[in-house]
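Line order of the protein sequences matches chains A and B. Using the numbering used here, the letters of the first sequence map in sequence onto residues -1 to 489. Using the numbering used here, the letters of the second sequence map in sequence onto residues -1 to 489.
It is worth saying that the hints were derived from the structure and are not from the lab. Bear in mind that the values here come from a model prediction, so they are computed numbers and not experimental data.
Copies of the same chain are indistinguishable here, so a pair counts whether it falls within one copy or spans any two.
Derived DSS-like pairs (lysine-lysine); straight-line CA-CA distance at most 25 Å:
1) K442 / K483
2) K469 / K456
3) K469 / K442
4) K358 / K341
5) K230 / K208
6) K56 / K90
7) K189 / K138
8) K17 / K230
9) K281 / K88
10) K109 / K301
11) K102 / K113
12) K427 / K113
13) K305 / K442
14) K458 / K469
15) K90 / K21
16) K230 / K87
17) K88 / K61
18) K208 / K138
19) K102 / K61
2 protein chains.
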Amino acid sequence: MDKELKIFNSLSSKKELFKPLVKNNVGIYVCGPTVYSNVHLGNCRTFISFDLIYRYFKHLGYKIKYVRNITDVGHLENDQDDGEDRISKKAKAENIDPMQVAQKYTIDFHKVLEKFNTIPPDIEPTATGHIPEQIMQIKKILENGFAYEVNGSVYFDVLKFNKSNDYGKLSNRDIEELIHNTRILDGQTDKKNPQDFALWKKADPQHIMKWESPWSIGFPGWHLECTAMSTKYLGNQFDIHGGGMDLKFPHHECEIAQSEAITGKEPVKFWIHSNMLTFNGKKMSKSTGNNILPEEIFSGKNKKFSKSYSPEVLRFFILQAHYRSILDLSEKALAASEKGYNKLISAIKKLPGIIPSKEKGDFNEKDWVKRSYDSMNDDFNSPILISELFNAVKFINSVINEKQKMNLSQWSVLNKMIPIFINDLLGIKTAEKQTSNLDSKLIKTIELLIDVRSRARKNKDFEYSDEIRNKLFEIGISLNDDGDKTTYSIE
Amino acid sequence: MDKELKIFNSLSSKKELFKPLVKNNVGIYVCGPTVYSNVHLGNCRTFISFDLIYRYFKHLGYKIKYVRNITDVGHLENDQDDGEDRISKKAKAENIDPMQVAQKYTIDFHKVLEKFNTIPPDIEPTATGHIPEQIMQIKKILENGFAYEVNGSVYFDVLKFNKSNDYGKLSNRDIEELIHNTRILDGQTDKKNPQDFALWKKADPQHIMKWESPWSIGFPGWHLECTAMSTKYLGNQFDIHGGGMDLKFPHHECEIAQSEAITGKEPVKFWIHSNMLTFNGKKMSKSTGNNILPEEIFSGKNKKFSKSYSPEVLRFFILQAHYRSILDLSEKALAASEKGYNKLISAIKKLPGIIPSKEKGDFNEKDWVKRSYDSMNDDFNSPILISELFNAVKFINSVINEKQKMNLSQWSVLNKMIPIFINDLLGIKTAEKQTSNLDSKLIKTIELLIDVRSRARKNKDFEYSDEIRNKLFEIGISLNDDGDKTTYSIE
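Build out the structure end to end from the sequences listed, making use of the hints.
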């Protein structure tokens, strides 16, 4: 299947056949969170998108090295290399150490992503943990003539770089035009050119997070950490670099420039960008205040929603859109996803209990499997995969309603593939998988009680069998007699 | 209350009145795990002990900065500065990046400690994340004349340090005697003296984790990371340094030497060491193989135990011993703790439902509160606090059994203080908080089955009552008949 995997490469702006640099191996770097506030749902969408991608490579049997960083220094309030460091600012406001801020929000990030059933990366490096690597890269860029030092700070020389390389190729920007459209520098900066970006910034005396370097006591520029960490763990050239669409420029453009300035080589084979989550039509972001915290939705505390929604439903909602499409969150859309999710889960729960017939139903199971894989091979198109799942649900329900039959081949393929598609590929927990030790004990004790009740009915002790049914109902377990067979549902 | 807190200081080998360096503030550093294997129960005891200490300071209203590191480089197979790096060795064995090893076991560590209801530290720095800080400290130690460089490695000169300072004061060792008892160096090392320890080690070419330094491409010695991280986040002098007893020498002794060599000042006011957990009388440690993984006990998979025990029971068991005493784990001891835990929980569940009387029972609630705090103020003596809780349980049960009365003052004090002592100070989750919706359904269906069985027994249908018992046993639920009453336990 994997030979057919096509990925939309932001660098070429088209879908390309995926070929790993090293056979059966794939190296993936994804820009992680800046840990200065609780992760909002827009961020989560990005990480869930890359979890989908990670899971698919895993399913295909690749040996994966998945690196996702934690930005705990260097991300300033705006992208123009000025303003305060976001984490330091929060630390000052709360009168605690910047690393306490980073720890608090790293824990929050992990907890939320765990609820969304995302798989942790294989390596999760921090920016502060890679200062020597960043300093070494700055030295190299200076040596190669693509940077200059002014007053203890070091800047990347974008214009010079653009003479031999192509600055702007990822985001399709023309540097000359960019410059033409930028107002003249006002003397407030050491930069030669407004497009230049900081590799190292000299720290003010009151600055908290700072390190020694050949140029000054200071801190690294935000763009550099990802170049340092991705190349350290994945090599100078690696397969996939991902991140939110908003990071394409300047962040990822600068990463390419830095790497090419160091090694002369294009660092990344496939650039993958996930699109944004909007809320009632507006971009979700911390800075605009138009953001939703996942916990508020799980708990039902967010007043913009009339009820709570589970992490499974939210994940399902997110994967019902392709990762490259804008997705708008609204109560209406979420409620529709919940309905769909429940319909899906309900059908797949009943599937194993269907007794295969000799007759074949009107459902081509082999085509269905192929179309499902085709959807994932077509740039991880999860909404198409989900619509294929609903095709299966339609067939399952029509078998349950005795409109048609399901033969053994259909039964086996569906029973084998549906959990793979839902649990493994989409990463959606179904009730079955969530079953704990206690749950399975509950199921078995209920079944034992159903046996007890059947015995009472056989003995014509209907008073007693009704008593058991009523007592179970009080506990929240409803029995449903269907001829000889009794099924149950737990409230 | 806090004015009376006395802590056993390993440095003076006696209990001392705790006074913070800065009023109402306390800085705590605890040596964290070396993340190259699953955390075993012996390690967990250490971290639960310091969680008890952290919780008590929190309860007393201190502003706490609690730093606990992750050792992800530099911890060699033995403490004599030779052997392989533990994490690199595991990485080679599994053919993955050392940082993948660190990530895997850091996640395991966090998960297990979360189950034990420990509060995460405020800062959790990594050794690899503090290479520049360590290099700066080595420079300073060299400058101050307490270290020497040989072939790209730097060693701490213990003999020289001991001339002006006291090496061995924490572990009560006499350096001259140590040297006298050590065999002569065999020429395999660059050290002047076997007691010297590495600050920086030059890396072999095949070594994976290495960094540039003024002396060589290499890696820091294990002892240095804790000096670098504790002083970076807590200052050159801080209140409390903790760790397992086995770290006292050489690790903590070396930390003191390093700090004094840099600043000339004693770094730590209070050294706290938790004692070890033995298993059936022998030390629990990864290296001897005599270790138990917590998950095996939670799940009941460890064959040395006949059943599973919950994290709450294990935590309760651990806190029933004073942190400075050796604690031996055995099934018998654990079963006794479980019984005690259940007795405690059962009584406190009934407490709010007691209707206060005008009459006072024979229980001095004010003295009881004082004695409870006294126990914690006496070097965090949790077993005494637990025995005070059992005094309260005895009183509560005698009120329930109508042997005596409880007046409003007694009722109010007990209802207010018991949750503080159990949940906040001991950090033990009580069943109320644990029971999920499904658990309570399971309990009710089991009770229903017990009723069904009682009915069968009344009808002399012993064959059927035995069948129900056997079927429940297969599910993992054991019934225990005691006269008319049947109790049960869930495996």
